[in-house]
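K.L.:
Just so you know, the protein sequences line up as chains A and B, in that order.
Residue numbering for the first sequence is 1 to 175, as defined by the numbering used here.
Residue numbering for the second sequence is 1001 to 1316, as defined by the numbering used here.
Note that these hints are calculated values from the structure, not bench results.
Predicted model only: the values in this text are computed from it and were never measured.
All residues carry an ideal CB built from backbone N, CA and C; glycine is no exception.
There could be a bad hint or two in this list.
Claimed, not checked - SDA-like, lysine to any residue: derived pairs with alpha carbons at most 20 Å apart: (1) K1141(B) / M107(A); (2) K75(A) / K1228(B); (3) K1064(B) / M107(A); (4) K1213(B) / I153(A); (5) K75(A) / K1238(B); (6) K1213(B) / K162(A); (7) K1064(B) / I153(A); (8) K1229(B) / H1211(B); (9) K1229(B) / A126(A); (10) K162(A) / K1108(B); (11) K1064(B) / P165(A).
As the list claims (entries may be wrong) - Far from chain B by the CB rule (all over 10 Å, computed), these chain A residues: (12) D49; (13) Q76; (14) D119; (15) P141.
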Amino acid sequence: MKSRKIWALKGIIVALFLLAAPSFGAAGEPPATVRIDSLSHLYDGIDFDHEMHVGVEEDCSVCHHHVFGDGVANKQCARCHSDSKGTSSVACRDCHVEEPFTLEHMMKIEADPNRYHIDITGLKGAYHLRCLNCHIEMDAPSECADCHERTDIGDRFYRSGKYAPTGGESGGHHE
Amino acid sequence: MSGISRRKFLKSTVVAGGSAAAAMSSTKSAFAMKEFEGYPDSMGVLVDLTRCIGCRTCEAACNKEHNLPEPAVPFDNFSVFDQVFHGGKQKRRPTEKAYTVVNRYETKAQGAPVYRKIQCNHCSEPACLTSCFVNAYKKTKEGAVIYNADVCVGCRMCMVACPFGVPAYSYDSALHPEIIKCNFCYDKRLKNGQPPACVEACPQDALTFGHRKTLVKIAHERIRSNHKKYVDYVYGEKEVGGTSWMYLSSVPFDQVGFNTTLQKHPILDNTKSFLGIVPMVLGIWPAMFLGFHLLAKGGKGEKEDKSKNKVEVHGE
Ligand code: SF4
Ligand code: SF4
Ligand code: SF4
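From just these sequences and the hints, can you work out the full model?
P.N.:
Take a look at the structure:
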């Protein structure tokens, strides 16, 4: 039997970026670029221009929640986290897991009936919801290929490029 | 009997059955049923329309997972959103070649388009199941509504009964009736505790997989913590007795193709009148349909065993 992990990886469509947490230097300087490619499969990885994005949005908490302990942009989060201290890591992957829908993960989340955070997006979702939604809002590039190039596996998956349908019926409906 | 004449004949049979059911509606109260809250371990999917970007990745994933036929156009071709049928009213629907489709809606309520993925909603009390004479459908404890082509006689009662217009009929082989619909990836994934292919593939987490009862909480919490964004309603929480797949939206549901007039209790209540005629026809219809069945399966030369509950995944 193929392992769950392999299936999960196969299903991952778009390159996920794992913000390299330790890349903050001793001086606390943010990285200029972050290579995001750990789970690329249907799309290639990218070199995320962190420096440029810092120039666009100076408030780190817009992307990084409250991890710096410098206040929370989201009012809903601020209800509990207005005084939260900075965390030791700013990596998205420390909270947003690669496989959010495994039984193990679900059981962990559901084990504590009082837990508030029962709805944490997966890593892939976290990135796209954060990046793409903002790109759409800001009229920034928002086609898939604007950020990451599709791989050959991706072309086959989407039946595009050289894998485009060769004919057949006009699609999509029958009574 | 040719395929066409057989289909016509079946169709008229179904119509006749329907009118008989109407005539027997007085038996309704005899079949009153208790509230049924569904299976405790039922899984589900919460579809959040506010997150969906209409990328069709879920469609591609489903196609790949189930080895479905080649699509007419690539999955990154968005011209499909312009397709309309039946005089411009009907958008794309799941077909025998696609268990799931995504549609685009331009709404009054919102400038940006809204996208909606549709597939079988895996009802807690499925009308397809209750309408089926030969028990071709089964609701599993994981929440999936699955279908067994081996026992199906091709009467297509389920297609009429489904409140969401989901089951599609394969015309590929007139002698091998087959209803085709999303099976929640039951065989390959769900029964092993794994999420469906479409869920795993969605880049936006527009599809959240989990225990249905947890998803209901998540849905209401998303609304509560962002009440300006969401319509205060979880579609599928109550519709037709509850469905495993549920929806959140930022625009009124009737503006994005949902039937908002569905009853909040199971369709079974409606088919009670129909079930009322079952004892009467019990002696006649099974024999009749067994006849069709044998006709249909004639090529295979043997009678299938209904009880084995084998699930046939199309295209495997
Ligand atoms: S949506 Fe339709 S096909 Fe799916 S379980 Fe409900 S009644 Fe059956
Ligand atoms: S749950 Fe499985 S069968 Fe249903 S639409 Fe998703 S991928 Fe297709
Ligand atoms: S993959 Fe997700 S975001 Fe893309 S169309 Fe499907 S549900 Fe929407």
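K.L.:
Hints first: check each against the structure and report whether it holds.
P.N.:
Here is how each hint holds up against the structure:
1. K1141(B) / M107(A): 17 Å, holds
2. K75(A) / K1228(B): The given pair, whose Cα atoms are some 13 Å apart, holds under the 20 Å limit.
3. K1064(B) / M107(A): 29 Å, violated
4. K1213(B) / I153(A): Violated: K1213(B) and I153(A) sit about 36 Å apart, past 20 Å.
5. K75(A) / K1238(B): 31 Å, violated
6. K1213(B) / K162(A): 44 Å, violated
7. K1064(B) / I153(A): With Cα atoms ~12 Å apart, K1064(B) and I153(A) stay inside 20 Å; holds.
8. K1229(B) / H1211(B): 24 Å, violated
9. K1229(B) / A126(A): Within the cut-off at roughly 18 Å; holds.
10. K162(A) / K1108(B): Measuring from Cα to Cα gives roughly 39 Å; hence the hint is violated.
11. K1064(B) / P165(A): Judged against 20 Å, a Cα distance of about 14 Å means the pair holds.
12. D49: Holds: least Cβ distance 20 Å, greater than 10 Å.
13. Q76: Non-interface label fails for Q76(A): nearest chain B Cβ at 5 Å, not farther than 10 Å.
14. D119: Given a closest Cβ separation of 4 Å, the condition is violated.
15. P141: 14 Å, holds
Of the numbered hints listed earlier, those contradicted by the structure are 3, 4, 5, 6, 8, 10, 13 and 14.
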